[in-house]
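Protein chains: 2
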Amino acid sequence: MLEARLVQGSMLRKVVDAVKDLVSDANIDVSSSGFSLQAMDTSHVSLIAMHLRADAFEHFRCDRPMSMGMSLANLAKVLKCAGSDDIVTLKANDDGDTVTFMFESPKEDRVSDFELKLMDIDSEHLGIPDTDYCATVTMPAGEYARICKDLSSIGDTVVISATKDGVKFTTSGDVGTANVTVRQNTTADKKEDQTIIDLKEPVALTFALRYLTSFAKATPLATHVTLSMTRELPVMVEYAIQDMGHLRFYLAPKIEDEDMEGEDEAP
Amino acid sequence: MLEARLVQGSMLRKVVDAVKDLVSDANIDVSSSGFSLQAMDTSHVSLIAMHLRADAFEHFRCDRPMSMGMSLANLAKVLKCAGSDDIVTLKANDDGDTVTFMFESPKEDRVSDFELKLMDIDSEHLGIPDTDYCATVTMPAGEYARICKDLSSIGDTVVISATKDGVKFTTSGDVGTANVTVRQNTTADKKEDQTIIDLKEPVALTFALRYLTSFAKATPLATHVTLSMTRELPVMVEYAIQDMGHLRFYLAPKIEDEDMEGEDEAP
DNA sequence: GTCCTCTTCC
DNA sequence: GGAAGAGGAC
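These protein sequence lines are chains U and X, in that order.
Residue numbers are given in my numbering: position 16 of the first sequence equals residue 16, and the series is strictly consecutive.
Residue numbers are given in my numbering: position 189 of the second sequence equals residue 189, and the series is strictly consecutive.
One copy or two, either will do: identical chains are not told apart, so a pair holds if it fits within one copy or between any two.
In silico lysine-lysine, BS3-like type, Cα no more than 25 Å apart, as pairs:
{"#": "1", "residue 1": "K168", "residue 2": "K91"}
{"#": "2", "residue 1": "K149", "residue 2": "K20"}
{"#": "3", "residue 1": "K190", "residue 2": "K149"}
{"#": "4", "residue 1": "K107", "residue 2": "K168"}
{"#": "5", "residue 1": "K149", "residue 2": "K117"}
{"#": "6", "residue 1": "K107", "residue 2": "K190"}
{"#": "7", "residue 1": "K14", "residue 2": "K91"}
{"#": "8", "residue 1": "K217", "residue 2": "K77"}
{"#": "9", "residue 1": "K149", "residue 2": "K14"}
{"#": "10", "residue 1": "K80", "residue 2": "K217"}
{"#": "11", "residue 1": "K107", "residue 2": "K191"}
{"#": "12", "residue 1": "K107", "residue 2": "K149"}
{"#": "13", "residue 1": "K168", "residue 2": "K80"}
{"#": "14", "residue 1": "K168", "residue 2": "K117"}
{"#": "15", "residue 1": "K217", "residue 2": "K190"}
{"#": "16", "residue 1": "K164", "residue 2": "K107"}
{"#": "17", "residue 1": "K117", "residue 2": "K77"}
{"#": "18", "residue 1": "K168", "residue 2": "K77"}
{"#": "19", "residue 1": "K217", "residue 2": "K14"}
Note that these hints are calculated values from the structure, not bench results.
Given the structure is predicted, the values throughout are model-derived calculations rather than measurements.
Based on the provided sequences and hints, a complete structural model is requested.
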């Protein structure tokens, strides 16, 4: 038996919107600790890991762990039917093959419920090793999204290099080359404008821009994004969901030796 | 050696956006007097002449005249990467085959640079004769753009006739006919709303609306547009760029005798 | 693929 | 509050 009530229901919609272009079907796992989703994207290049803590919910009850396989496109359709201020309640039976979403308008004058069919999905539960990252950059999510979008109009890949002074994004293509440097800034008036760089050692990694721009769909979820990098290991792009959990993306860097347009290594 | 720093960097973007649909590639000429661009549109019907004075720049240095051939589509891509408040600096070496654009955010916490490849373009440097125009109409740029857009949904050509009382725009098509008359108004409270007609003798000329609507992409550059006309000569459509220079378009009138759908004479 | 709406940024 | 870009619908 699962029952979870979330006042800030629009959160769910943003999470699903951020992920549905990368993964078409996924298992959403529920346990007493909350909701989580872990999946490779459809082209098996990047990895998505989402967690919403049980305590983020107004009411949360999950008698025993369950895994609910869903079409994320369908899930997105259902969540789109919720008003932006609606309170969302999820319900599922332990052995059912459906999950029910209930939407209540804040004024309580409208209640809708949607029953979504579940499906069996082979889950490849990849353990994500806890890494000690060499460089962690926290910057305004919107600014980061803008940079990814701008650079993707110039080139296909980006080199992200973190030094103590700042983080530099570099790309090149037919048009020419482009560099964007964002300086560390821990003293901005508004906390939203701050950029913080936590560096053990400088690192420079190359990534496919199309995945980074896709990850950036999560921008509405958070004011800041955190890029955590270590040489030759996947970058972790994290959007912290205010007091609730996180949405993390992992993408392996392109290794310079094998860049014969052979494209896209899995993490 | 070229180095030019422009605080109001968004200006450049507006100029390029206004022109890029008419000319795909163009030479941008730089000399100690500033930047200029002169080109026929792709279909060789209209002529574009832009000038930005050296004194419009915060810092301007151009050791010897140079001509930089660019894809305006690529230039537009690069300029789109500038924030709307960014300070723009251009740099080029005398014999280089690239030009570098540097964008600095006002708070100086983000710096980007874009290197754009230059190309060889045959320039047909047409002298534009200084004409004594019979009629000069200065009117709000937005109002003029609206008229062009509205009329182009009715017909393909417009007759612009200037008399001492006002300027009349006439078109007709399958739908019917349309006339828009704008009266001289030199006493409007706001200077932006004024329309001034300077007339030596009345004149009425016929133009292809598709070019006029295309020219009107320059509207964001200026509060007013000036139409200068003389019988049987090209109209000059001028957007004065505040304290900086101008963007002028020239379009030959359709001559009534030969209007057997023979379309589009060059100026 | 195009149009229209919605959101976001100015 | 308006315009431009992104996303959704037909």
